[in-house]
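Peer 1: Chains as they are written, first to last, in this note's numbering: chain A, 9 to 237; chain B, 89 to 390.
Just so you know, the hints here were simulated from the structure itself, not pulled from any lab data.
Check each hint, because a few of them may be wrong.
To be verified - Below, simulated BS3-like cross-link-like pairs (lysine-lysine); rule was C-alpha separation at most 27 Å, straight line:
hint	chain 1	residue 1	chain 2	residue 2
1	B	LYS180	B	LYS225
2	B	LYS386	A	LYS77
3	B	LYS175	B	LYS231
4	B	LYS231	B	LYS246
5	A	LYS77	A	LYS21
6	A	LYS214	A	LYS36
7	B	LYS231	A	LYS21
8	B	LYS386	A	LYS82
9	B	LYS246	B	LYS198
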Amino acid sequence: MIRFDNVSKTYPKQNRPALDNVSLEIEKGEFVFLVGSSGSGKSTFLRLCLREERPSTGAVHVLGKDLGKLSNWKVPHMRRQLGTVFQDFRLLPNKTVGQNVAFALEVIGKPKSAINKVVPEVLDLVGLGGKEGRMPGELSGGEQQRVAIARAFVNRPMLLIADEPTGNLDPQNSVGIMKLLDRINRTGTTVLMATHDQAIVDQMRKRVIELDKGLLVRDQARGVYGYQS
Amino acid sequence: MRAQFVLSEIGVGLRRNLTMTIAVVVSVALSLALAGASLLVRDQVNSMKDYWYDKVEVSIYFCIKADHNSPQCASGAATDDQVAQVKADLDKMAPLVQSSTYESSQEAYKHFKESNPDNPLLAAVGPDAMPQSWRVKLSDPTKFDVIQSAFAGKPGVKSVDDQRKILENLFGLLRGLQTAAFVIMVLMLFVALLLIVNTVRVSAFSRRRETGIMRLVGASNFYVQMPFIAEAAFAALLGSVLASGLLIGGHFFVHGWLAKKVGFITFIGLSSVLAVIPLLVVVGMGMAAIAAFFTLRKYLKV
Chain A
9 MIRFDNVSKT YPKQNRPALD NVSLEIEKGE FVFLVGSSGS GKSTFLRLCL
59 REERPSTGAV HVLGKDLGKL SNWKVPHMRR QLGTVFQDFR LLPNKTVGQN
109 VAFALEVIGK PKSAINKVVP EVLDLVGLGG KEGRMPGELS GGEQQRVAIA
159 RAFVNRPMLL IADEPTGNLD PQNSVGIMKL LDRINRTGTT VLMATHDQAI
209 VDQMRKRVIE LDKGLLVRDQ ARGVYGYQS
Chain B
89 MRAQFVLSEI GVGLRRNLTM TIAVVVSVAL SLALAGASLL VRDQVNSMKD
139 YWYDKVEVSI YFCIKADHNS PQCASGAATD DQVAQVKADL DKMAPLVQSS
189 TYESSQEAYK HFKESNPDNP LLAAVGPDAM PQSWRVKLSD PTKFDVIQSA
239 FAGKPGVKSV DDQRKILENL FGLLRGLQTA AFVIMVLMLF VALLLIVNTV
289 RVSAFSRRRE TGIMRLVGAS NFYVQMPFIA EAAFAALLGS VLASGLLIGG
339 HFFVHGWLAK KVGFITFIGL SSVLAVIPLL VVVGMGMAAI AAFFTLRKYL
389 KV
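This is chain B alone, in the form it adopts within the complex:
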């Protein structure tokens, strides 16, 4: 197969079919960009899980004076003995309990003030409105249930909270986005496939004279089909380059704008984006070539 001959045939084919080619390029680009986005959101969720599950803690809150109405705090504010008893029990639960730190009412009030400086409640409440707590770090963050059942209902303990629940909501949202991207990608991919099939069909029709002569003089099927397959693959290559551009653009958008707005999330780096791109190129070109091949089987007889 002579490269120059094939390349010139591809050029002629793509130009003859310019509008269809553009449609193929755009739809392939969109579907691949969505596929890449879906993969990247998965990476993002995984990296956030790694990062945050490392940071999340289980908080054991103690009763304060104002809690005397709730059944588990009927005896009023927790005593220092009760606080110390919980600490002793926690220490017995190693290695699941990696470490535990104490936060006093004063510290809790200070933290609240720092993170909510304009809150009107601040004027009304003092440090004694904030519960003291043990912040517990688990070696396996998924084993919250063990701590929950061990300390809920202990004297002086008001509640056992798992911070992971807050994160689960966020992860749930991201997973939802990922699924949405995937569904749209499947639809776009379907549109892209239909467009490729149609483009190849039109191309086969407009080149019927050439292919007729090729068959006549005994060109092998490979030679007859190659220009069409290469055409589709080349259009898909353009599409995947465009998709890569969209993803890289998206990356800089996220890092330049979203990262400033949402400071508490560490976004995945450019290297993850670049790692996805070869996959998109291969999948895009392969898909287009296969679609073209099967279309030709129908429209180009030996």
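Next comes chain A alone, as it looks inside the complex:
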């Protein structure tokens, strides 16, 4: 699903690489936590997976494609096969919950009939059934993140990438979101989640990949958070 072969990434005008010779593989159906302190290279790792950046050296394979060799015009198609969720939700404040999810389908040219059918389905799935008409501003943080997850999952992607999805949420909402991500994972979707949330990592006991100053320092099945931040 994701394979890094000796990947390094150095940003322009910086001496130290943000990611230093990282090699790893994430299999289909896995649930993986990506941990590390700020500046450890987590964001760079995710950006490489999304082909927002290209590696300086080495090769990044996602969904069987070598992203370094993927031409620009094929990138949108590749991104349709994965879902992304962020700490700040990234919802459109002037659209309703339903419109926010539908927007993701409209802009990839899905027919209206298909949109009308799948949007309520996916909102049901994330536990927001009947809230299509609400505005994001009227929802709690946890509910907004569910909308974002619905939008990411509405195309049934093979891979879901989440960048600190619980970073803005209280512990109770965080647990709800983790349950939802776990359920999505059980449908066969690979989940890669960067997080600072020690309690969640310790509780879930999933594979943990730890980065430190751009180096891969730990790759542990059924791991724990493992360090004091």
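For chain A, the structure is supplied; the task is to place chain B on it using the hints.
Peer 2: Frame of chain A; chain B shown alone:
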């Protein structure tokens, strides 16, 4: 691409950016109106050339009594033989000389009186102050030189005049106007382009959240860029409609007012104006769309 989705996005974009949109519409309208005016003046000059070059004549004036001071008329007024000799020579020059008509001193005086009824000179001069002449029509009006060299200096001939010279002044003026319109158009076009670039940039910034999500969920570049390009093209469409209105208004101004004042010019018709309009619309929209496209390449990364 679903039309309804695109249209609603365009509407939102244009309203959000209303002042900029107005600036774009007005500058596009002015530059296109000038471009159209410049094209129409060219048409006008061409049609006047066709019309007037058909009418212009070369005049061969003969000496009158009062001319005895000038060297070519030292022998006094031209004799009937000299006049007849010139006519005979003219007839030999067919087909360049299409026809020639005689104007006597009496006729010349009458014409002068008709066109200048209040001239104080009329009281002082009689018909014998007007030279008799041959009015020569050429098959090719540009070959004035041939007639000039053949008859200037012949006995009894005072001068050979080309009416085309008078027209050349007028055409020169019109061409000057055309060039001025063109130069102003280029400047306005430049302003319009800068405004479009700026509008698209502001629009891209105010829609960065939407475009960010579009990129995230894998919308194609076409989908991401289309609302901006359509916005610019739509503003240019409004501009070109306004420009067309200005040109048509200008047409009625020329025909209703100027044509009465300047009776001797036949102005080009509404059909010429209407023929220019599609060109303006296409050029305006195309230019705006291309400008928007290249701006987006800079401000919207994949």
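Peer 1: Could you run down the list of hints and mark each one as holding or not?
Peer 2: Hints and how they fare:
no.: 1; hint: B:LYS180 x B:LYS225; result: 14 Å, holds
no.: 2; hint: B:LYS386 x A:LYS77; result: 22 Å, holds
no.: 3; hint: B:LYS175 x B:LYS231; result: 18 Å, holds
no.: 4; hint: B:LYS231 x B:LYS246; result: 20 Å, holds
no.: 5; hint: A:LYS77 x A:LYS21; result: 24 Å, holds
no.: 6; hint: A:LYS214 x A:LYS36; result: 14 Å, holds
no.: 7; hint: B:LYS231 x A:LYS21; result: 74 Å, violated
no.: 8; hint: B:LYS386 x A:LYS82; result: 19 Å, holds
no.: 9; hint: B:LYS246 x B:LYS198; result: 21 Å, holds
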